[in-house]
Every structure is written in structure tokens, then in C-alpha cells.
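Trainee: Sequence:
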Amino acid sequence: MAMALCNALYQILTRKVAGVEHPLTSLVWGAIVGAVVLSAALPFAWKTPDVPLHWLLLGVIGVLASVGHYLLIRAYDYAPATLLAPFTYSALIWAILLGLAVFGNFPDGWSLGGMTVISLTGLFLANRQRLAVRRD
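In my numbering, the protein residues as written are 142 to 277.
No wet-lab data here; the hints were simulated from the structure. A couple of the hints might just be wrong.
[Said to hold, decoys possible] Derived lysine to any residue pairs resembling SDA-like cross-links, with alpha carbons at most 25 Å apart:
1. K157 / T262
2. K157 / Q270
3. K188 / N246
4. K157 / L225
5. K157 / L212
6. K157 / S231
7. K157 / F228
Whenever a hint applies, use it, and build me the whole structure from the sequences.
Mentor: Here it is, written out as C-alpha cells:
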């Protein structure tokens, strides 16, 4: 729930500053805030990688995440949040497929139910907002 709340706040704040701030400014500040907040958990969760490949993979994850966040910020410059919402929820599908392919893990019924509720609620609200904009 905390992750969903933080993600929602990130999306809202990113949308609010889109077109006002330079995309790289949003990207850097998002990274700084995330690093500061997550540093509190570091002593309890960090395990130093033993294999050099793991360091490489951490770097790749960092680069791909940065590019993804930059593209999301740029998308908000060109499209309203209601149009982008379905793409955001497609990440759940990709996460399930990658979890199955890489780890052989498929979410249980409760997880699937939660994902369904979150996705349907978000899509309903996005569609409702889009219809309200059309009426105006």
C-alpha cells in the first residue's frame, strides 16, 4: 500500500510539473528524494553483491529505470494523465510475465485480485475524467 501511495504521489507531482520544469530537473529531483527516503532502509536491507555480474546488473537497472522515468516525464509533456493511465497499468502484466519467465513465480489469488481492483479503479477514474473533459 505504501508503494502504491508513493507511486501515485510521484505520478501526480510529475504531471503537475510537466511543461513547467525541464524533464531532467524532474528526473534528478525524483532520484534525490527517492535516494534520501530509501536510505533509511539501507542498513536493514542492503546486501553487497558478491559477483561482479550483479554490480553490472545493478548498473543496467539504474540506466533502464532512469530512461524509463525520463520517458514518462516526457510523456506527461505531450499527453494527459487519463491517456497515459492504461500504459502504466500494463506494467503489471509485464511484471507478471517477467516474474514467471525469470523466477518461475506467478502471483497468488490475493495479489491478482488486488492488481485487478487497482487497475479497474484507475481505468474507471481515467475514463470518467476523460468523459468529463469532453463534456466541457
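Trainee: Hinted pair, alpha-carbon criterion (25 Å max): K157, F228. Please report holds or violated.
Mentor: 19 Å, holds
Trainee: Below or equal to 25 Å on CA atoms is what counts here, so check K157 against L225.
Mentor: At roughly 14 Å apart (the allowed maximum being 25 Å), L225 and K157 satisfy the hint.
Trainee: What's the verdict on K157 and L212, does the C-alpha distance respect the 25 Å limit or exceed it?
Mentor: This hinted pair holds, its Cα atoms lying about 16 Å apart.
Trainee: Sort out whether Q270 lies within 25 Å of K157, counting only the CA atoms.
Mentor: 16 Å, holds
Trainee: Between the alpha carbons of K157 and T262, is the straight-line distance 25 Å or under?
Mentor: Holds - the C-alpha atoms of T262 and K157 are around 21 Å apart, at most 25 Å.
Trainee: For K157 and S231, compute the direct alpha-carbon distance and say whether it is at most 25 Å.
Mentor: Given that 25 Å is the threshold and the Cα spacing comes to 22 Å, the pair holds.
Trainee: Compare the distance between the alpha carbons of K188 and N246 with 25 Å, and conclude whether the hinted pair is satisfied.
Mentor: 22 Å, holds
Violation of the numbered hints given earlier is absent; every hint is satisfied by the structure.
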